[in-house]
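K.L.:
Put chain B on the given structure of chain A with help from the hints.
Each chain, letter by letter, is given below.
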Amino acid sequence: MSQSYNRGLIEDFGRWKEFSAGMWAWIFHKFTGWILIGYLFTHIAVLSSAIAAADGQTIVVGGETVNAYTGTLQGLESLFIVRVMEVGLLAVAVFHILNGCRLLMVDLGIGLEAQDKSFYASLVLTGIIVVASVPTFMQGVGL
Amino acid sequence: MAEHYSSFTPGGTMWLLQRITAAFLVVVLAFHFFLLHFVNHAADITWQGTQMRMQDLGYFLTMVLFLITAAFHGINGVYNALVNQGLSGTPKKVVLAVLTLAGLALVIQGVYVALVMRGMV
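Chains A and B supply the protein sequences, listed in that same order. Heads up: the first sequence is residues 1 to 143, going by my numbering. Heads up: the second sequence is residues 1001 to 1121, going by my numbering.
Bound-form chain A, shown alone:
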């Protein structure tokens, strides 16, 4: 027996107060997806310093002359704001992964009656994983 629900247009963000759990999941998934693909372009740009490194180019980081790739990555990692953004990226990636697993289950028709609960579980689990990862991500960086 099939039953469908018409909750109206989700792209009409002005209706956000009427959104159900599944609609929030949809919006969060899109939002985190935009961030992840944007980051991928940035990530490849930063890793492209490998081309200069293979060419033998060096840069100075903290008064020390190092290989262009090592220097670029370690220079970025020495910045507090970069570490904070990495924690943010982890939060975005973990939520996208967990909600992605939830979506694959929804597509397969598994556990549909608990789809709202699995969204809340994704949020809580993301929070726990991110908080637990903060010490590792902030290791050795000064303000």
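Hints are computed from structural coordinates only; laboratory data are not their basis. Accuracy of the hints is not assured; some may be wrong.
Claimed, not checked - Straight-line distance between alpha carbons at most 27 angstroms, and here's what the computed DSSO-like set of lysine-lysine pairs gives:
id : chain 1 : residue 1 : chain 2 : residue 2
1  : A       : LYS30     : A       : LYS117
2  : A       : LYS17     : A       : LYS117
3  : A       : LYS30     : B       : LYS1092
4  : A       : LYS17     : A       : LYS30
5  : A       : LYS30     : B       : LYS1093
What the hints assert, rightly or not - If you want the ones that stay clear, here's a sample from chain A, every Cβ over 10 angstroms from chain B, calculated:
id : residue
6  : ASN6
7  : GLY14
8  : LYS17
9  : MET23
10 : ILE37
11 : VAL60
12 : GLY63
13 : VAL84
14 : LEU125
15 : LEU143
Stated by the list, open to error - Partner residues are not named here, just some residues of chain A that face chain B (Cβ under 7 angstroms, in silico):
id : residue
16 : LYS30
17 : LEU47
18 : ALA50
19 : ILE51
20 : ALA53
21 : ALA54
22 : GLU77
23 : LEU79
24 : PRO135
25 : THR136
26 : GLY140
C-beta atoms are modelled at their ideal positions from N, C-alpha and C, and glycine is treated no differently.
P.N.:
Quick look at chain B alone, frame taken from chain A:
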């Protein structure tokens, strides 16, 4: 309550590919984060370490496949989000062309960087 919901439509190849890449990315993205933030700390990454990891053929191929699937999944996701948002007609074609070119450029640059890291270029 329905027994089965699915947005799959006959001929929905892109929809299916989005799910297949998702299943792959769930595993590889988690592995990538774990390896480069918990096993090796991001702040300690060096050129020598990266070159060494890329010498492992399985790792190299996984990373290249990771890049290709992530680029496809991300670009296709953004395109679908824009279509859901009401994009249609000529702007839709232009956006598809721009996104496809951006995705191709990303993959080409990324594969080149991976080959450099492996010392093959």
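K.L.:
Could you run down the list of hints and mark each one as holding or not?
P.N.:
Taking the hints in turn, this is what the structure says about them:
no.: 1; hint: A/LYS30 to A/LYS117; result: holds, 19 angstroms
no.: 2; hint: A/LYS17 to A/LYS117; result: holds, 19 angstroms
no.: 3; hint: A/LYS30 to B/LYS1092; result: holds, 18 angstroms
no.: 4; hint: A/LYS17 to A/LYS30; result: holds, 18 angstroms
no.: 5; hint: A/LYS30 to B/LYS1093; result: holds, 21 angstroms
no.: 6; hint: ASN6; result: holds, 14 angstroms
no.: 7; hint: GLY14; result: holds, 14 angstroms
no.: 8; hint: LYS17; result: holds, 20 angstroms
no.: 9; hint: MET23; result: holds, 13 angstroms
no.: 10; hint: ILE37; result: violated, 3 angstroms
no.: 11; hint: VAL60; result: holds, 16 angstroms
no.: 12; hint: GLY63; result: holds, 18 angstroms
no.: 13; hint: VAL84; result: holds, 13 angstroms
no.: 14; hint: LEU125; result: holds, 13 angstroms
no.: 15; hint: LEU143; result: holds, 15 angstroms
no.: 16; hint: LYS30; result: holds, 5 angstroms
no.: 17; hint: LEU47; result: holds, 5 angstroms
no.: 18; hint: ALA50; result: holds, 5 angstroms
no.: 19; hint: ILE51; result: holds, 5 angstroms
no.: 20; hint: ALA53; result: holds, 5 angstroms
no.: 21; hint: ALA54; result: holds, 5 angstroms
no.: 22; hint: GLU77; result: holds, 4 angstroms
no.: 23; hint: LEU79; result: violated, 10 angstroms
no.: 24; hint: PRO135; result: violated, 11 angstroms
no.: 25; hint: THR136; result: holds, 6 angstroms
no.: 26; hint: GLY140; result: holds, 6 angstroms
Against the hints set out earlier in the document, violations occur for numbers 10, 23, 24.
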